[in-house]
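A.B. asks: Sequences and hints are given; from them, build the entire structure.
Whatever position you read off the sequence shown (first residue = 1), add 819 for our numbering.
Keep in mind that the hints are not guaranteed to be accurate.
Cross-link-like lysine-lysine pairs, in silico, DSS-like; alpha carbons within 27 Å at most [said to hold, decoys possible]:
hint : residue 1 : residue 2
1    : 871       : 963
2    : 963       : 1005
3    : 884       : 871
4    : 997       : 935
Read the hints as simulated data drawn from the structure, not as lab findings.
From a predicted model like this one, the values you see are computed outputs, not experimental measurements.
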Amino acid sequence: MRVRPRDFIYTTDDLFFATTTYLHPDDRIISFLRYTPDQNGDRCLNNKKYSKVDSNQAYKFLGKKFPEYLFDCEITNVQMMGVPIERVEKILLPTERLQEIMESEKRDKLLNKVVKLAETFHDHTGISFNKMGISGSILPGLYKPDVSDIDFVIYGLKNHRVAMEAFEDIKKDKGILKGIEGEFWKKLYNKRIKDSSLSYEEFRWYENRKNNRGILDGTLFDILQTRDWDEIKGSYGATRYEPMGVIEIDCTVTDSLAAFDNPAVYKVEDVEIIHGPDVIISEIASYTHTYAGQAKEGERITARGKLEKVIGEKVSYRLIVGTTRESVGEFIKLKNFDIKN
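C.D. replies: In C-alpha cells:
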C-alpha cells in the first residue's frame, strides 16, 4: 500500500489521518490524526460534524477511545500514531482530489480558487497537472469556504523549486498571486509560533523570502513539497533512530533542495556544538511546516531541537525540529541575524 506525505487516510472508525512519512511498516500507515467526529464540531461532511485536533488533543483522544492507533515505534523508540491496515477505509490522494475539483461543474468560491491556482502554476512553469494536488481540509471535504486555506502540493523536489521561483516572479509583477500582507501576518504568526523562538518581525522576514506561501483573492495558500515516486528511497526498518536528548548547534547548510519536504531536510557541515553531546551531525530535519525552507545553501545557522542517533549501514546523528506540531523550544535561525539589517 503506497502512500506519501499529504495523503489522507479515512478509517473504519470515521477518523481522518494525514500521512506524515514515505516509509511504513507492513501492518499500519504512519500518520497523524487530524479530524474526529464531534456533534459540536465546526466542520461538516455528509451531514456529520467533525472537529480538527492538535497534537495533544489527538494523543488524548486516541489514548482514551482508540489506543490501537497508537504504537511504540521500534524505529524511533517513541510512541507514534498509525492507522492499522485493517482500519483503512479509503486513501485520499491529493492528485485525484485536484482532478475531481477541476472536472467538477459545481464548485464553490474556494474550489474555484484551487483551480485558478493550479492553472496559474501550470501556465507559468509548464508543470503538469498530474504533478499537482490539493491537501489539507479540502482533501477530505472538511473545509470552510470562507476561512480555510489552500494546501497546494507540488510533486517532485525540483518541480517545487521551479514553482517557488515562478511565484517569486509573479509576486514582483503584482499578478494574480500576491505575497502575504495585512492581517494575514498575525493569523499566520499566531497559528505557527507558540513560544518566543521567533519574534513577529523575525517570522515575517523569514516567511517573506521563502516564496512558498501567498494570497489568492483573499485566501492564504501554501506551496507544499512532496517527493515523486522515483525520489523515494529505502525501506521501513532499514534505519533506526534513538533519541538522545536536546542539542543546540551552529552549522553551515550545504544542501536545501528538500527543505520543504516532510520532513524538511538540510544537509549541514562545519558543525559547532553549543549545547549537548559532542557528536558529528550531518543533517537537520524539521517535522513542522514553520521551519521548512528556513535556510538556504551556504548560510550559517543556529538550530535547537532533539538529537537522534541514526543507525543504518553506518551510524550518524541528526537534529530534529518539530517533535511536536507546535515545536515549542525548537527552532532554526540564521546565525548572527539582526532584523534591523
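A.B. asks: Now, for every hint given, state plainly whether the structure supports it.
C.D. replies: Hints versus structure:
At roughly 12 Å between alpha-carbon atoms, residue 871 and residue 963 fall within 27 Å of each other, so this suggested pair holds. Only pairs whose Cα atoms come within 27 Å are accepted, and residue 963 paired with residue 1005 is accepted, the gap being roughly 20 Å. As the CA atoms of residue 884 and residue 871 are separated by approximately 16 Å, the hinted pair is consistent with the 27 Å bound. Distance check on the hinted pair: residue 997 and residue 935 sit about 13 Å apart at the alpha-carbon level, within 27 Å; holds.
The structure fails none of the hints (numbered hints given earlier).
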